[in-house]
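Letter by letter, the chains look like this.
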Amino acid sequence: QQPVQSPQAVILREGEDAVINCSSSKALYSVHWYRQKHGEAPVFLMILLKGGEQKGHEKISASFNEKKQQSSLYLTASQLSYSGTYFCGSYSGANNLFFGTGTRLTVIP
Amino acid sequence: DGGITQSPKYLFRKEGQNVTLSCEQNLNHDAMYWYRQDPGQGLRLIYYSQIVNDFQKGDIAEGYSVSREKKESFPLTVTSAQKNPTAFYLCASSPTGGGTEAFFGQGTRLTVV
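The listed protein sequences correspond, in order, to chains A and B.
Numbering follows my numbering, in which position 73 of the first sequence is assigned residue number 73; successive positions increment by one, without gaps.
Numbering follows my numbering, in which position 20 of the second sequence is assigned residue number 1020; successive positions increment by one, without gaps.
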């Protein structure tokens, strides 16, 4: 079962904030976040290796709640360049890398 | 420059034909992965390999086959048994499993007519 991301899609105006959630029925040993522009390869944003960890910089950050098997990505003061589809990912105990269902983010002027 | 290369970018095939998608990396990564992407369904794992001559099925392996004869190469064959092969296919690699960043190729868009 893929981790479920919410919302599935969101439209923001420039400067607005957004939160993307990732919830898994499997244990998450680490959480990755990627952004994919249409028709392109996903690009790595950050990785969180342990529960309680928060990472990122001023505009894009993430948190990881290991017990709840959840992670959230926070985008503040969104820019047009933030548009794309965001994926959370994690490794299972068998070392296979699986990804969430994706969240399509559109930033408009 | 190190990276991961998929070819071709676009591929058209007739129904009932097998087709092989290429994935090559020069990052010296042990692990390689194949994903299928359909609109609204995220990235679904087809096969993965942690070492040469070994690979494991992912969530949607039916109708696909792979080989890992060299560390650098992980080709994916879409067989005629795959009922709905038209999709965007992504290959990825990582240094090891468990907590390391994955690098993706640019993808192959396969259309079966």
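Keep in mind that the hints were calculated from the coordinates and are not lab data.
There could be a bad hint or two in this list.
Claimed, not checked - Here chain A is said to cover these stretches of chain B; the calculated rule only asks that three of the stretch's residues, wherever they fall, bring their Cβ under 8 Å from a Cβ of chain A:
1) 1015-1028
2) 1035-1041
3) 1071-1079
4) 1083-1095
5) 1100-1111
Backbone N, C-alpha and C define an ideal beta-carbon position, used for all residues, glycine too.
Hint by hint, here is what the structure shows:
no., hint, verdict
1, 1015-1028, "violated (count 0)"
2, 1035-1041, "holds (count 3)"
3, 1071-1079, "violated (count 0)"
4, 1083-1095, "holds (count 4)"
5, 1100-1111, "holds (count 9)"
Hint check: violations occur at hints 1, 3; the rest are consistent with the structure.
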